[in-house]
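Taken in order, these protein sequences are the chains called A and B. Under the working numbering, the letters of the first sequence match residues 1 to 222, in that order. Under the working numbering, the letters of the second sequence match residues 1001 to 1136, in that order.
Among the hints, erroneous ones may be present.
Cβ pair distances, simulated, as ranges [what the hints assert, rightly or not]:
# : chain 1 : residue 1 : chain 2 : residue 2 : range
1 : B       : Arg1039   : A       : Arg191    : 46 to 56 angstroms
2 : A       : Arg48     : B       : Ser1031   : 45 to 55 angstroms
3 : B       : Ala1092   : A       : Phe211    : 21 to 31 angstroms
4 : A       : Gly9      : B       : Val1114   : 52 to 62 angstroms
5 : A       : Ala189    : B       : Val1124   : 40 to 50 angstroms
6 : B       : Arg1125   : A       : Gly9      : 49 to 59 angstroms
Residues from chain A that keep clear of chain B, each with C-beta distances beyond 10 angstroms, as calculated [as the list claims (entries may be wrong)]:
#  : residue
7  : Lys19
8  : Ala25
9  : Phe32
10 : Val34
11 : Gly42
12 : Thr46
13 : Ser70
14 : Glu72
15 : Phe96
16 : Arg101
17 : Ala106
18 : Asp127
19 : Thr202
20 : Trp214
Hints listed in this document are in silico derivations from the structure and should not be mistaken for laboratory results. Glycine residues also receive a C-beta, built at the ideal position from the N, C-alpha and C atoms.
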Amino acid sequence: MKIELIVSGSCPFCLEAEKVWRAAAADHGFEFSVVDIIQPEGAALTQRLNLQTVPALLIGGKLRAVGVQSPEEALTLLLPARQEAHDRMQQMGVAFSPDNRWFILAAQAYLMLAGLGLLMNGSFLSDNAARPAFMHLFTLGFMLFMIYGLASHMLPRFTGNPIREGVWPWLQMGLAHCGVIGYAAGYLAGRHTLIVVGAVLTWLSLAIFAFRVWPVLWPEKA
Amino acid sequence: MHKRNRLFVSIALVYGLLGGLIAIVRLIDPSLIPGNVPRAHGHIMLLGFILMMIYGIALHVLPRFGGFPLYSEQMADWQLYLANAGLPLMIAGWLGWRDMLVMVGGVLTYGAIVLFGLNMILTVRARGQGRTISVQ
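Next up, chain A with everything else stripped away, as it sits in the complex (with noise of 0.2 angstroms):
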């Protein structure tokens, strides 16, 4: 989290609140940086916030207070951000959150049941109608479900931007399985309308895990 302050070279007072803040952001592991409205950073600032007046300061690229602050207002300002951190670490921890977890877990059962091709066809890869079934359990159930578990588990953290959480990886999931069965059993029952209803559900959990994973390659900038 950034924390900015915008100054003016002809203000008396922004140099108390510069020293405030920078002792401040050192205190809590912020980084800091010092904008003069003169400067074209500074005037697009001032611009964009319709500011009138300085010292103001920005946590996050968003305005949070105007004027001189002394250090225990500093401390209460910064309150959210550095909840909002803490946060961040708790969600980059080292284990698996529990959406990932069942991911992973479900891709070893879709495993399992793909490999039954091999007890009941003698082939993983038959030459008759289950052919698609047991492939797909392998490769939509097995791969993609390892795929959803591994990747939302390592992008946020090789690229320190947040994933979407909340309802969406429950979603997610909740639309692969209903897809993966119901497009496996559709070819093994000879039912088409299965098959294509699994299908689009399948791809509805891809289009679901590509909105969440987006803004971690590509965060909008602050």
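Go by the hints and put chain B onto chain A.
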């Protein structure tokens, strides 16, 4: 994460959605998309989705897990160009029944595979002064 590796993962997602979409369209009405759609679908998913996802993630993690920097960033850049020139040609060849396009696309795709393989071998098996990372 290097921009090229993020591009690999992003392109993998696009190919995954595209490959799934043409399979769904084919399931609904086989006459809507001409050409050898099952083969195009299979290769979009395997070479476009799975392989490019692996490219993006492996180029990031294997040097780190191996303890050496990536042998050649330039090879990895060319891998991106070749992989993304080759697969569209293959797809166009299958959907347009043009064997020549499939062949040229296959050669380019194979070029990307070889570049990746060599780059990974030379990275993970890196030897010699100046390439090792000190543990002290």
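We went through each hint and held it up to the structure:
As the Cβ distance of B:Arg1039 to A:Arg191 is approximately 25 angstroms, the hint placing it in 46 to 56 angstroms is violated. Against the hinted window of 45 to 55 angstroms, the Cβ-Cβ separation of A:Arg48 and B:Ser1031 comes to about 53 angstroms, which satisfies the hint. Taking the beta carbon of each, B:Ala1092 and A:Phe211 are about 28 angstroms apart, inside 21 to 31 angstroms as hinted. Between A:Gly9 and B:Val1114 the beta carbons are some 59 angstroms apart, a value that agrees with the proposed interval 52 to 62 angstroms.
Between A:Ala189 and B:Val1124 the Cβ separation comes to about 46 angstroms, which falls inside the hinted range of 40 to 50 angstroms. Against the hinted window of 49 to 59 angstroms, the Cβ-Cβ separation of B:Arg1125 and A:Gly9 comes to about 57 angstroms, which satisfies the hint. With a least CB separation of 37 angstroms from chain B, A:Lys19 remains clear of the 10 angstroms interface cut-off, as annotated. Taking the minimum C-beta to C-beta distance to chain B, about 26 angstroms, the non-interface status of A:Ala25 holds against the 10 angstroms cut.
No Cβ of chain B comes within 10 angstroms of the Cβ of A:Phe32; the nearest lies about 25 angstroms off, and the non-interface call holds. The beta carbon of A:Val34 is kept farther than 10 angstroms from every beta carbon of chain B, the shortest such distance being approximately 29 angstroms. Once the 10 angstroms rule is applied to beta carbons, A:Gly42 is consistent with being away from chain B; the minimum gap is 28 angstroms. The claim that A:Thr46 is not at the interface with chain B holds, since no C-beta of that chain comes within 10 angstroms of its own (minimum 31 angstroms).
Non-interface status of A:Ser70 relative to chain B is upheld: no Cβ of that chain comes within 10 angstroms, the nearest being about 40 angstroms off. At roughly 39 angstroms, the least C-beta separation between A:Glu72 and chain B is larger than 10 angstroms, which holds for a residue marked as non-interface. Look at A:Phe96: its CB is around 16 angstroms from the nearest CB on chain B, clear of 10 angstroms, so calling it non-interface holds up. Against chain B, the non-interface label of A:Arg101 holds: every CB pair exceeds 10 angstroms, the least being about 19 angstroms.
Against chain B, the non-interface label of A:Ala106 holds: every CB pair exceeds 10 angstroms, the least being about 18 angstroms. For A:Asp127, the shortest C-beta to C-beta distance to chain B comes to about 15 angstroms, beyond the 10 angstroms cut-off, and the non-interface label holds. Not every beta carbon of chain B lies more than 10 angstroms from that of A:Thr202, the smallest distance being close to 7 angstroms; the non-interface claim is violated. Consistency note on A:Trp214: stated as away from chain B, yet its beta-carbon is not over 10 angstroms from all of that chain's, at 7 angstroms minimum.
Consistency note: the structure conflicts with the earlier hints numbered 1, 19 and 20.
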